[in-house]
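Colleague: Take 1 as the starting number for the sequence shown in the UniProt record's numbering and just add one per residue.
Bear in mind the hints are in silico, worked out from the structure with no lab data behind them. Think of the CB as a built atom: it goes at the ideal place given N, C-alpha and C, for glycine as much as any other residue. Some hints here could point you the wrong way.
[What the hints assert, rightly or not] No more than 16 Å apart at the CA atoms, straight line, and that leaves these computed lysine to aspartate or glutamate pairs for EDC-like: (1) K175 / E323; (2) K196 / E375; (3) K403 / E379; (4) K403 / D249; (5) K196 / E334; (6) K403 / D245; (7) K372 / D20; (8) K175 / D270; (9) K403 / D20; (10) K372 / D250.
[As the list claims (entries may be wrong)] Cβ pair distances, simulated, as ranges: (11) K321 / E379: 27 to 33 Å; (12) D250 / E210: 36 to 42 Å; (13) P198 / G163: 29 to 35 Å.
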Amino acid sequence: MRILDEIYFIPGTPFTSMRDAYLVGAGQSAYGAFPSESYRSLFRTAFEDAVASVPNGLETGDVDEAFIGTLGVGGRQLGLSGPAVTEHVGLDGVPCTRVENACAASGFATRQAVQAVKSGMADVALAGGFEIMTDMSSDATKYWLGVSGETEWERLSGTTFSGVYAQMASAHMDKYGTTREQLSRVAVKNHANGAKNPHAQLGFECSLEEAQSAPVVADPLNLYHCCPTSDGAACALIVSEDVVDEYTDDPIRVAGVGAGSDSVGLFQRDSYTGVPASQRAAETAYEVAGISPEELDFAEVHDCFAIAELLAYEDLGFCEKGEAGQFIESGATELGGELPVNTSGGLKSKGHPIGATGAGQVVEAFKQLSGKAGERQIENPTRGLTHNVGGSGGASVIHVFEKETEVSV
Numbered sequence: 001m002r003i004l005d006e007i008y009f010i011p012g013t014p015f016t017s018m019r020d021a022y023l024v025g026a027g028q029s030a031y032g033a034f035p036s037e038s039y040r041s042l043f044r045t046a047f048e049d050a051v052a053s054v055p056n057g058l059e060t061g062d063v064d065e066a067f068i069g070t071l072g073v074g075g076r077q078l079g080l081s082g083p084a085v086t087e088h089v090g091l092d093g094v095p096c097t098r099v100e101n102a103c104a105a106s107g108f109a110t111r112q113a114v115q116a117v118k119s120g121m122a123d124v125a126l127a128g129g130f131e132i133m134t135d136m137s138s139d140a141t142k143y144w145l146g147v148s149g150e151t152e153w154e155r156l157s158g159t160t161f162s163g164v165y166a167q168m169a170s171a172h173m174d175k176y177g178t179t180r181e182q183l184s185r186v187a188v189k190n191h192a193n194g195a196k197n198p199h200a201q202l203g204f205e206c207s208l209e210e211a212q213s214a215p216v217v218a219d220p221l222n223l224y225h226c227c228p229t230s231d232g233a234a235c236a237l238i239v240s241e242d243v244v245d246e247y248t249d250d251p252i253r254v255a256g257v258g259a260g261s262d263s264v265g266l267f268q269r270d271s272y273t274g275v276p277a278s279q280r281a282a283e284t285a286y287e288v289a290g291i292s293p294e295e296l297d298f299a300e301v302h303d304c305f306a307i308a309e310l311l312a313y314e315d316l317g318f319c320e321k322g323e324a325g326q327f328i329e330s331g332a333t334e335l336g337g338e339l340p341v342n343t344s345g346g347l348k349s350k351g352h353p354i355g356a357t358g359a360g361q362v363v364e365a366f367k368q369l370s371g372k373a374g375e376r377q378i379e380n381p382t383r384g385l386t387h388n389v390g391g392s393g394g395a396s397v398i399h400v401f402e403k404e405t406e407v408s409v
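All chains should be modelled from the sequences, with the hints used to inform the complete structure.
Modeller: Right under this line is the structure:
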């Protein structure tokens with residue numbers, strides 16, 4: 001492990017005045033239900049996959065800091081869960097911080113890793129996440145999913161996450177005329193992509209008819225409009241501009257980062273038809289990256305429910321407010337469209353192991369920008385975005401990644 005001098009900087013220093021950070025490797029376990037695996041073994045799989053993906057190689061001794069996201073579903077190892085997995089992969093003695101921000105845990109862990117590198121605190125930082133969600137009863141699962149919602153007035157009154165997002169879907173349908181068919185088209189698209197992803201939990205295609213006729217979970221949302229609960233882990237390796245040439249000849253720069261937070265309870269917000277935290281995060285990320293949404297080649301967005309993907313189209317500026325339904329119908333977000341969204345299959349098909357989801361989105365960005373996404377590879381991408389949301393919008397974090405070789409200097 002490198003010994004770095006402390007670098008102090010004045011709070012509020014512009015992000016762009018710090019040194020650049022780069023994504024040099026990323027990997028994940030499969031997502032699904034794995035009764036023979038533990039959170040440690042899944043994390044080891046993800047970590048080893050990430051290390052193996054670094055073009056010029058990376059040693060565990062190179063890692064200066066680690067940031068690990070997990071909610072702690074099931075109550076296993078609630079304390080020191082970060083060091084519990086990093087020591088298992090040979091990172092004994094490396095400073096490790098556990099990050100909890102509900103479903104956005106490892107998205108924020110990635111943000112922390114980027115900040116550590118840009119500030120000079122680390123030259124190599126690990127961002128990762130994990131969750132085990134399938135080894136308990138349905139009642140226990142509902143409880144652990146509910147802890148990320150507003151407890152006193154939503155959860156204790158019987159509201160579920162599907163119920164909260166159903167309210168958002170109903171509001172969007174009432175205000176903008178969004179239809180159940182448009183919600184179902186999100187599922188069809190993401191299952192088509194997930195069928196091409198060997199790591200996907202629900203790696204099969206579905207027809208529009210199947211997606212529309214599935215059993216209702218929380219009206220207007222049906223089973224195909226909801227992501228599964230999942231076991232899994234994911235990791236990303238972030239390095240500084242000072243050492244990036246040691247690890248790759250084709251660097252992927254972290255061009256922009258944005259984050260936001262909001263009221264935890266949906267009922268506390270002024271509108272049900274958008275996620276203000278995502279809107280603020282996107283504005284910041286675009287400003288830092290010096291781009292507009294039109295300059296993106298692909299995006300991984302947080303589609304825990306079909307309506308969440310449609311809201312993301314509008315919140316992130318992919319289309320005008322109220323036009324997400326038409327946007328999905330146009331085919332723009334399909335693999336061959338003008339802006340492919342959730343090429344991995346998204347949370348809907350790939351899966352949603354809460355603590356791993358944000359880092360898993362970074363894995364897909366790394367694969368697409370490295371030309372290693374297999375059957376779902378888009379043509380010559382240079383810039384992509386990841387969007388990770390906690391709860392129903394209490395927290396949101398966005399990263400913009402771009403191939404350095406394509407950027408004018």
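Colleague: Between the alpha carbons of K196 and E334, is the straight-line distance 16 Å or under?
Modeller: 13 Å, holds
Colleague: Need the status of pair K175, D270: alpha-carbon distance at most 16 Å?
Modeller: Within the cut-off at roughly 14 Å; holds.
Colleague: Within 29 to 35 Å or not, the Cβ separation of P198 and G163?
Modeller: 33 Å, holds
Colleague: Between K403 and E379, does the CA-CA distance stay at or below 16 Å?
Modeller: 14 Å, holds
Colleague: Verify the proposed pairing of K403 with D20, using a straight-line Cα cut of 16 Å.
Modeller: Since the Cα atoms of K403 and D20 sit roughly 13 Å apart, the hinted pair holds (cutoff 16 Å).
Colleague: Please verify whether K175 and E323 have alpha carbons no more than 16 Å apart.
Modeller: It holds: about 11 Å lies between the C-alpha atoms, which stays within 16 Å.
Colleague: Tell me if the straight-line CA distance from K403 to D249 falls inside 16 Å.
Modeller: The hint holds at about 11 Å.
Colleague: Holds or violated: are the alpha carbons of K372 and D20 at most 16 Å from each other?
Modeller: 24 Å, violated
Colleague: Measuring from beta carbon to beta carbon, are K321 and E379 in 27 to 33 Å?
Modeller: 30 Å, holds
Colleague: Regarding the pair K196 and E375, is the alpha-carbon distance no greater than 16 Å?
Modeller: Judged against 16 Å, a Cα distance of about 6 Å means the pair holds.
Colleague: Take the C-alpha atoms of K372 and D250, compute the straight-line distance between them, and say whether it is at most 16 Å.
Modeller: 13 Å, holds
Colleague: Could you see if the CB distance from D250 to E210 stays within 36 to 42 Å?
Modeller: Taking Cβ atoms as reference, D250 and E210 lie about 40 Å apart, which means the hint holds.
Going down the numbered hints, you'll see the structure goes against just number 7.
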